[in-house]
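Peer 1: Sequence:
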Amino acid sequence: MSARHFLFLCVLCALYVSLCSGACAEVDSDTQAVAGQNFKLGCISCKMRGEVEASATVDWYFRAKGETDFAHIYSYDDESPTIIDERFKERVNWTGSRKTNDLQDASIYLLNVTFNDSGVYRCFFSRTLSYQYYEYQTTVSKLVHLTVVAKATRGVASIVSEVMMYVSIIGLQLWLLVEMVYCYRKIAAAGDEALRASASVLPSAFPECRPQPSLSVALNLP
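For the sequence shown, the positions run -22 to -1, 1 to 200 when mature numbering (1 follows the signal peptide of the UniProt record, and there is no 0) is used.
Hint data in this document are derived by calculation from the structure and do not stem from the laboratory. If you're wondering where the values come from, they're calculated on a predicted model, not measured in any experiment. Treat the hints with care, as some may be off.
Straight-line C-alpha distance at most 25 Å; calculated SDA-like pairs for lysine to any residue [as the list claims (entries may be wrong)]:
| no. | residue 1 | residue 2 |
| --- | --- | --- |
| 1 | Lys67 | Leu154 |
| 2 | Lys18 | Ser96 |
| 3 | Lys43 | Val127 |
| 4 | Lys18 | Val138 |
| 5 | Lys129 | Asn79 |
| 6 | Lys25 | Ser146 |
| 7 | Lys129 | Asn94 |
| 8 | Lys120 | Asn79 |
| 9 | Lys120 | Thr78 |
| 10 | Lys129 | Thr92 |
| 11 | Lys18 | Glu113 |
| 12 | Lys77 | Val5 |
| 13 | Lys25 | Thr116 |
| 14 | Lys18 | Val122 |
I would like the entire structure built from these sequences, with the hints used as guidance.
Peer 2: Structural data, given as structure tokens:
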């Protein structure tokens, strides 16, 4: 398979994935927030079988530093959010799944983060899977260990990912350059071959075009 065909197939696969509805990928949440800014607490729980109808409710719990028990701070049920803990009044926005009861993304935004928001957050899914003759209850719990800092700092993973991104871009550009040079040489070689072929065919097809030997003319002067 040529490089062009492989690249074309990659583009088709990317378009197919982007058009697929209901695609879900579980991604870990960031764990470092900056005081005074907003922060997204990510929590995603994908169904094992996407074709099965389901409904879910979500509850968030918080355990501050130095505490031993989790406090119920937020719930989302039937597209209705409820802030339960007074510490988070008007400071939580739902950013997860919308216009559906089949919740798979339960992410929330913390507004105006403070140092008191440092601690452990627990995201709890209560899901009902609806089959033809019965229903099945399942639960999923995920933890996010949040640290609040005064100033944003870049982690090693962020630096490595950025370096890899630039390496990938440079590698792709070099590959395109090599491909262009290769194509140019093939086109040039094909053009030279065509010129040589036409030069060899022309004399045999048109004999009058062959070069004639020079004629010696003897002049007799009186």
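Peer 1: Work down the list of hints and note, for each, if the structure agrees.
Peer 2: Structure-based check of each hint:
no., hint, result
1, Lys67 x Leu154, "violated, 54 Å"
2, Lys18 x Ser96, "holds, 13 Å"
3, Lys43 x Val127, "holds, 14 Å"
4, Lys18 x Val138, "holds, 22 Å"
5, Lys129 x Asn79, "violated, 38 Å"
6, Lys25 x Ser146, "violated, 33 Å"
7, Lys129 x Asn94, "holds, 15 Å"
8, Lys120 x Asn79, "holds, 19 Å"
9, Lys120 x Thr78, "holds, 21 Å"
10, Lys129 x Thr92, "holds, 12 Å"
11, Lys18 x Glu113, "violated, 33 Å"
12, Lys77 x Val5, "holds, 21 Å"
13, Lys25 x Thr116, "holds, 10 Å"
14, Lys18 x Val122, "holds, 11 Å"
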